[in-house]
Each structure stands twice: as structure tokens, then as C-alpha cells.
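Asks: Could you build the full structure based on these sequences and the hints that come with them?
Protein chains: 2
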Amino acid sequence: MTDPDRPKTSTAAALNRLREMILTGELSAQSDHLEAELATRLGMSRTPVREATLVLQGMGLLEVRPRKGVRIKPITIRDMEEVYEILTELESLAAARAAAAGYSADDLMALKEATEEMDAALAQEDRAAWAAADEAYHTELVRLGGNSRVIGIVQMYNDQVRRARAATLDARPLPTASNADHRALYEAILTRDAEGARKIHRRHRIAARKLLTAILSDLGQPYV
Amino acid sequence: MTDPDRPKTSTAAALNRLREMILTGELSAQSDHLEAELATRLGMSRTPVREATLVLQGMGLLEVRPRKGVRIKPITIRDMEEVYEILTELESLAAARAAAAGYSADDLMALKEATEEMDAALAQEDRAAWAAADEAYHTELVRLGGNSRVIGIVQMYNDQVRRARAATLDARPLPTASNADHRALYEAILTRDAEGARKIHRRHRIAARKLLTAILSDLGQPYV
DNA sequence: GAATTCGATTACGTATACATTAAAAGGAGA
DNA sequence: TCTCCTTTTAATGTATACGTAATCGAATTC
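Going line by line, the protein sequences match chains R and U.
Here the first sequence stands for residues 1 to 224, numbered as in the working numbering.
Here the second sequence stands for residues 225 to 448, numbered as in the working numbering.
Don't read these hints as lab results, they were simulated from the structure.
Check each hint, because a few of them may be wrong.
[What the hints assert, rightly or not] No farther apart than 27 Å at their CA atoms in a straight line, the calculated lysine-lysine pairs in the DSSO-like style are these:
(1) Lys434(U) - Lys199(R)
(2) Lys199(R) - Lys210(R)
(3) Lys8(R) - Lys297(U)
(4) Lys73(R) - Lys210(R)
(5) Lys423(U) - Lys199(R)
(6) Lys434(U) - Lys297(U)
(7) Lys232(U) - Lys68(R)
(8) Lys292(U) - Lys8(R)
(9) Lys210(R) - Lys112(R)
(10) Lys336(U) - Lys232(U)
(11) Lys112(R) - Lys199(R)
(12) Lys297(U) - Lys210(R)
(13) Lys423(U) - Lys297(U)
(14) Lys232(U) - Lys73(R)
(15) Lys423(U) - Lys434(U)
[Unchecked claim] Interface residues of chain U toward chain R, partial, derived using beta-carbon atoms under 7 Å:
(16) Glu275
(17) Leu278
(18) Glu340
Every residue gets a Cβ at the ideal spot worked out from N, C-alpha and C, and that includes glycine.
Replies: So, in C-alpha cells, the structure goes:
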């Protein structure tokens, strides 16, 4: 048991590693990288790297530009607006579907726990812990929604949100109001108020989007 | 000018061709295919085929199953429900955004034309022409919405809708009521009634989904 | 000095060779 | 006959070789 879930193939390893390098900024936005360079860095041949870049392109994290290397995608305000619009719709859908599904308090345990973790993180002003719990909350919400494609899309775009967040985390105020929304949504789902759940979450997401774009704008991120 | 947009690379050719083969049913749902088999059929080596299958897997048209070949995905009722849910949300978003964008009648020309083509197709009971115009209509709608990621997702899922449609087209009644919705949406966008546009389109999509799933069910498609 | 052409370089796209390992087939023993 | 183990097969995953075509720079021309 040296490494329980070490990737089975080099392609999978390249995918994980490159994704991580992009999310952490080790490969910075707007930078270009040749296939051969990445292959050397990852200690493998071009083949699995190439396959991974194709997938990452599909996930919107980079762009394959023949003979110019892959370009790590920038995080523009416009991009984040697009991503937030989509997350708003799909998560609101998930909220409504979760409410309609008639979950018990037991089923909603993970949701409640994530909310409590956010509370705790806020109390300690621990932005990183808050961000982790917030992400867990959103992931659990869409899981409860039960649409596997929504789950996939939301996970994919969460990667992009995480990149933007990494660039802004210290610049943002602690989102103290945010948990009121989370609790209201919890109640709506528990009482099977589908349209209420949808509205609450939509409002929540729109507020989050305004906050992020304002911060990105302050930080001088380009609009396009 | 023998073939204006012939793919520049074999990978692109494989992607186009395999996608088409899946959409037309030349590669039937649930069937398995080895990389080597597909390579031979397409007259190229395994490398570009392999790259194409990775992308097609990302698009949800097939599943790569190591040592068992790629499995062309079935069209289950559950899948279609998921896809329709997503299209409902994202197209409704696009409708609202299109209305908010304040387009002129000129800008909405393509939308109007698609509606008229559907009229004409209905008059002649030409289901194929109707389906083509309907797809053009939805594509134009999301284009007007202006969110490039929504455009991409909708196009991707339209492939899956097209597969289901191909299996049901002759079994469905002519959608004579459908154009009333299209006209109402056109008016809402022109008068910049964002929430009205959203609601009209949502209702439209929900009705379409009920129709399709009922037909699939009649045809004995498995739920999962 | 600017633009253009030619040539060298080099990154990519594709084919192919090879190692790996899951699956299938076959055989031995109960 | 059934089960378990061994052997074989074969499909994949990866590395590598190589042709092609785009790019960069130098030299030439205007």
C-alpha cells in the first residue's frame, strides 16, 4: 500500500499532473508549452502527454495550438461570467431536483456538515478551509440533484472557478452572509420546496458571481 | 476546390467520421469496436483513432473500455432525461440573455427564418426538414444568448438528441403546436422580456422532453 | 531601411514497434 | 464435472522513428 490510487496509466498520470499544475499555477495562465517539454517534465514520452492535452482542452483548461505548444488558458472576467452563469443554472436545477427527490435529514447530512465547516472556517477566518468546504457543499448539492451529466459539468467548471479563486482568495472579504443562504437552501430541500430551492440558490450564485467579478476587476484582470 | 473543408489531420478526420458513424447508426448503440478495427475501417493507424475516441468519450458518445474496445453508448430514457434537463436550463438561460441583449428584428432574422422553415416543413409533413430547422432554431437561440460555453455544451448534447430523434422521428406526431411557442419566444426576445423568454422556452422544452420520453418508452427503449 | 525569399530548424502528426497485462483457453487435480 | 492454476493470446498503453510543414532568421533585393 505505497500509493493506493496511483494512476494506472501514464495518460491518466499526465492528466492528473497537468491539471494540478494548471490549477496551482505551476503552469501559469497564458504560458505556452511544447509537448516535448511537458513530456520531459513528467518523465514520459510525448504520446500520453498529447492524449492528456486533448482531454484538458476539452475541459477548457488549455488550448492546443499546433507548433506553438499548448497555451494555458487565461482567466478573464468574461470567462468567469460564462462559467458562473452555467453553474448558476445547473446548480439551481440540482437544488430543485434535490428538493423534489424528497431526501431525509439523514440524506442531507453531508450538506449540513459542509455548512458547519464553513461556519467554523469563518470563525477562524481561514479562507482556504472555507473554500474547501464551499466546494464540498456545491459538489454535494449537485450530487443530490441526481443528474450525472450535471455533476460532470459542474466538476469541470469548478476547476476553472478554483483557478480564479486562487487568484482572489486573499483579496475577498469573508463571506459571512453566505451561510444564511446555505441554511435556507437546506430547509427548502428538506421541506421539498423545489421552486423555493431553485430561487434561493440562484440568488446565492448571482451574488457570488458579482463578488468574484468585482474582485477580478479590482485586481486588474482583463475582461477578455 | 475539390473538398473545401476536408479535415487537416487524420485525427480530425477520425473524429468527424466516427461521430457521423455513431449519429447515423452505422456504429450501432451498444456495439463494441477495437481500436485496430476502427483504424482499418478508416484507413489510418491506431494513433489518430485513439485520439479521436478520447475526445468522443468526452462528448459522451462512446466509452473507452480497455481491452474490450470502445462501446458505443446506448440511448436510454434516463440519458435523454438528463440531457433534456440540461438543455432546458441552458437554452432558457440563452433565451433570457438574448432578450436582455436587446437585439433588433434584423438580428433575429435567422431565428424567424428557422421558424418559417418549420412551418413549411409541417405543411408538407416533412419530418426530416422539420428536425433540421428545429435544430437550426435552437442553435441560433443559444448563439444569440452569447455564452460560448453554453453554445458548446448545447451543440454537444444536440448530438445525443439527434441520435434519439433518429430512432423516433417516424413515430412522433407532427409537432404542430410547437411553432406557437417559437413565435411567442421571438416576441419576448424582441420586446426584451427576459423572464418571459425564459419561461416560454422552459415550458417549450419540458413539453418536448415529455413527448420524447413517452415515445422512447412506447418503442421499448430501456430506462437505463 | 523595409520587405521578401530561401533555407535551416523544429514541432507536430502519424505510423510502427514493443512491453504490459487482462482475458481467454486449456489442462490438471479433486 | 467443476474448479483452480497455467499457458497462451491479443488489445492496449507507451515509446520511438520519421515525414511534413510551419516558423524563424539570414541574406538578398528593392
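Asks: Hint by hint, where does the structure go against what was stated? Just the numbers, ascending.
Replies: Violated: hints 10, 12, 13 and 18.
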